[in-house]
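Construct the complete structure from the given sequences, taking the supplied hints into account.
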Amino acid sequence: MTTSGAAVPIIQATGLTHTFTVGGRTVEAVRGVDFEVRPGEIIGFLGPNGAGKTTTLRILTTLLKPTAGRATVVGVDVNADPAGVRRRIGYVAQSGGTDGNCRVAEELILQARLYGIARHDAVRRAADLCDRLDLTGLADRPMKTLSGGQRRRTDIALGLVHQPSLVFLDEPSVGLDPQSRSDLWAHIRRLRDELGTTVFLTTHYLDEADALCDRILVMNHGRVIAEGTPDALKRRISGDVISLTLGGDADRAKAVLAECPGLDEIAVSGQTVRLTAEGGERALVWLLRTADRADLDLRSVNIARPTLDDVFLALTGSSLSENDS
Amino acid sequence: MSVISESLLIFTRQMRLSLRSPAWPVIGLFQPALYLAFLGPLLVRVAGAGVDGLPAGAAWRFFVPGLLIQLGLFGPLFAGLSIIADLRSGVFERMRVTPVSRFALLAGRVMRDTVVLLAQTAVLLAVAYGFGLRAPLPGLLLMFVFVAAIAIGLSALSHGLGLLVRSEESFTPLLNAAAVPLLLLSGILLPMTLAPRWLDVVSRLTPFRYVVDGMRTALYGDYTGSVVMAGAAVAVATAAVCLLLGARLFARRNT
Ligand SMILES: Nc1ncnc2c1ncn2[C@@H]1O[C@H](COP(=O)(O)OP(=O)(O)OP(=O)(O)O)[C@@H](O)[C@H]1O
Ligand SMILES: [Mg+2]
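Chains as they are written, first to last, in numbering that gives the first Met the number 0: chain P, 0 to 324; chain X, 0 to 254.
The reader is advised that the hints may include incorrect statements.
What the hints assert, rightly or not - Label-pair distances were calculated between CB atoms; the ranges are: (1) X:Arg252 - P:Arg37: 24 to 32 Å; (2) P:Val122 - X:Leu41: 49 to 57 Å; (3) X:Asp221 - P:Gly23: 54 to 62 Å; (4) P:Val122 - X:Ser1: 18 to 26 Å; (5) X:Ala84 - P:Asp213: 37 to 45 Å; (6) P:Val21 - X:Leu33: 16 to 24 Å; (7) X:Ala118 - P:Lys143: 20 to 28 Å; (8) P:Lys143 - X:Phe73: 22 to 30 Å; (9) P:Val122 - X:Val179: 44 to 52 Å; (10) P:Ala266 - X:Arg252: 49 to 57 Å.
What the hints assert, rightly or not - Simulated coverage check for chain X against chain P, where a stretch passes if three residues somewhere in it have a Cβ under 8 Å from a Cβ of chain P: (11) 12 to 23; (12) 125 to 133; (13) 211 to 221.
As the list claims (entries may be wrong) - Under 10 Å between C-beta atoms, here's a sample of chain X residues computed to sit facing chain P: (14) Ala84; (15) Ser88; (16) Gly89; (17) Val90; (18) Phe91; (19) Glu168; (20) Arg252.
If you are wondering where the hints come from, they were derived from the structure by calculation, not from laboratory data. Fair warning: this is a prediction, and the values are worked out from it, not measured in the lab. A virtual CB, placed ideally from N, CA and C, is assigned to each residue, including glycine.
Listed below in structure tokens is the structure:
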């Protein structure tokens with residue numbers, strides 16, 4: 000099945016389920032999730048609060064035993080050989096994992112050594128990573144003296160210091176300023192490009208998912224409700240929105256333009272004809288030519304791509320940005 | 000990597016944190032000296048006069064083992080508080096995602112508590128010597144063996160319980176409720192030879208009764224008699240059971 004180099008999945012989840020019991024009541028956090036991740040992919044996990052993203056990550060990183068279902072991570076079954084999975088992955092938890100009294104470099108070196116990396120090598124890697132994540136001046140500071148974003152970058156460094164081939168980042172960019180965020184994106188891309196690292200991240204930032212991820216899994220109420228590239232998801236939901244403002248009779252324009260190939264919807268409001276169409280650019284060329292031939296008094300044209308937020312709204316019935324308080 | 004080198008990595012980290020905390024070494028080493036400073040003057044009187052059940056001059060050899068066990072009950076027994084803090088900060092979860100053996104995560108922490116208690120023991124014995132404790136050297140050395148077993152058992156148990164209880168608010172009262180009866184029943188404060196029959200029986204159901212008797216006998220110069228042997232056996236067995244229990248709790252996944 001891998002003749003053309005299409006690699007074996009690095010993560011394969013089948014029917015993954017997790018149910019918590021809190022005070023006698025059950026919470027179905029993850030309800031039968033199936034997906035695959037290919038090596039070298041940057042994959043984004045999107046979903047409103049409580050969707051089950053962290054729980055899924057905690058299963059894949061062997062912290063939780065799934066109530067049902069199976070998962071293999073880097074070729075190893077999470078149930079059969081959790082220690083084998085741990086050797087091959089890195090994980091940055093949503094709420095971090097640093098002790099205020101520990102120092103940045105010290106903790107990075109320890110973390111590398113816990114993965115069996117020799118001391119001198121661990122020291123070099125820690126210094127290198129501090130450099131890349133802009134922590135160099137902070138290396139000897141106790142973590143309680145760091146700012147929120149600095150501490151978050153330390154969390155990320157701790158998850159990457161042993162250069163795992165697969166890393167799970169649970170909301171890595173929370174609390175980072177725009178500069179640090181774009182530095183982080185650059186670092187993640189470089190990890191993938193230079194080392195072939197597979198990155199599985201969760202985020203609430205749609206621009207982040209859009210800019211960084213090769214593929215997105217949308218989760219809601221414990222289920223994966225959509226998956227695809229950011230573009231495919233956007234296309235799949237609504238198509239591009241084209242608005243044409245006319246000087247003359249908008250209703251006549253509507254009748255002429257309704258022949259547009261790939262048209263989903265067409266509506267008139269005032270002097271504006273609004274169309275939704277698959278592949279907006281092609282439709283636009285056709286629309287302009289047709290308008291010209293039919294002598295329509297075209298004043299202005301606007302084409303808008305759907306954002307992931309629109310996708311989200313359509314899929315879950317709630318906007319992610321409103322949800323994310 | 001072997002379990003030993005993994006444990007040493009964790010031990011080094013925990014030890015560094017302890018030494019860095021400004022309160023720890025001061026309280027940790029000052030505390031045993033303070034016990035003696037407050038008890039010593041009274042004991043000098045007792046040692047001179049002799050009281051019921053206590054041969055004159057043996058008072059120090061009687062009380063020092065008790066003080067050592069008390070140090071254990073206030074130190075390693077509460078060590079689990081640190082695992083609750085690590086759970087809360089996410090440090091423990093971070094370490095549980097590494098390939099390090101679950102046992103090493105416990106053992107490194109238990110080693111730290113053991114080393115601290117051994118250091119406190121050295122201080123306490125030295126200060127007690129100043130006050131007039133005289134005991135044969137092998138007996139004194141045996142104190143360290145007993146103390147190590149006590150520290151391992153109490154610390155492992157405490158860390159395991161910490162993972163179960165997960166909140167300081169329940170953990171501290173729970174341990175206080177256990178520590179005080181253990182203390183009273185061990186015969187640390189007053190010899191159990193004074194106890195009525197029912198109390199003696201209850202006392203014999205708790206491990207420290209045997210341990211403290213064994214430690215005292217060792218300080219009197221008897222290293223091979225049945226009392227020392229029983230004390231050592233109970234100390235080692237309790238440590239082993241607690242360590243096993245702690246290791247099982249550390250190996251659980253759904254926490
Ligand atoms: N330890 C737990 N005990 C009980 N319920 C839990 C536990 N952890 C999570 N849950 C519940 O499981 C559901 C999924 O939680 P999860 O943390 O996976 O969501 P999430 O998608 O990561 O959300 P967020 O975007 O807020 O991080 C929620 O309803 C949550 O309340
Ligand atoms: Mg989460």
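Hints, verified against the model:
{"no.": "1", "hint": "X:Arg252 - P:Arg37: 24 to 32 Å", "result": "holds (27 Å)"}
{"no.": "2", "hint": "P:Val122 - X:Leu41: 49 to 57 Å", "result": "holds (54 Å)"}
{"no.": "3", "hint": "X:Asp221 - P:Gly23: 54 to 62 Å", "result": "holds (56 Å)"}
{"no.": "4", "hint": "P:Val122 - X:Ser1: 18 to 26 Å", "result": "holds (21 Å)"}
{"no.": "5", "hint": "X:Ala84 - P:Asp213: 37 to 45 Å", "result": "holds (39 Å)"}
{"no.": "6", "hint": "P:Val21 - X:Leu33: 16 to 24 Å", "result": "violated (45 Å)"}
{"no.": "7", "hint": "X:Ala118 - P:Lys143: 20 to 28 Å", "result": "holds (27 Å)"}
{"no.": "8", "hint": "P:Lys143 - X:Phe73: 22 to 30 Å", "result": "holds (27 Å)"}
{"no.": "9", "hint": "P:Val122 - X:Val179: 44 to 52 Å", "result": "holds (48 Å)"}
{"no.": "10", "hint": "P:Ala266 - X:Arg252: 49 to 57 Å", "result": "holds (55 Å)"}
{"no.": "11", "hint": "12 to 23", "result": "holds (count 5)"}
{"no.": "12", "hint": "125 to 133", "result": "violated (count 0)"}
{"no.": "13", "hint": "211 to 221", "result": "violated (count 0)"}
{"no.": "14", "hint": "Ala84", "result": "holds (8 Å)"}
{"no.": "15", "hint": "Ser88", "result": "holds (6 Å)"}
{"no.": "16", "hint": "Gly89", "result": "holds (4 Å)"}
{"no.": "17", "hint": "Val90", "result": "holds (5 Å)"}
{"no.": "18", "hint": "Phe91", "result": "holds (8 Å)"}
{"no.": "19", "hint": "Glu168", "result": "violated (17 Å)"}
{"no.": "20", "hint": "Arg252", "result": "holds (5 Å)"}
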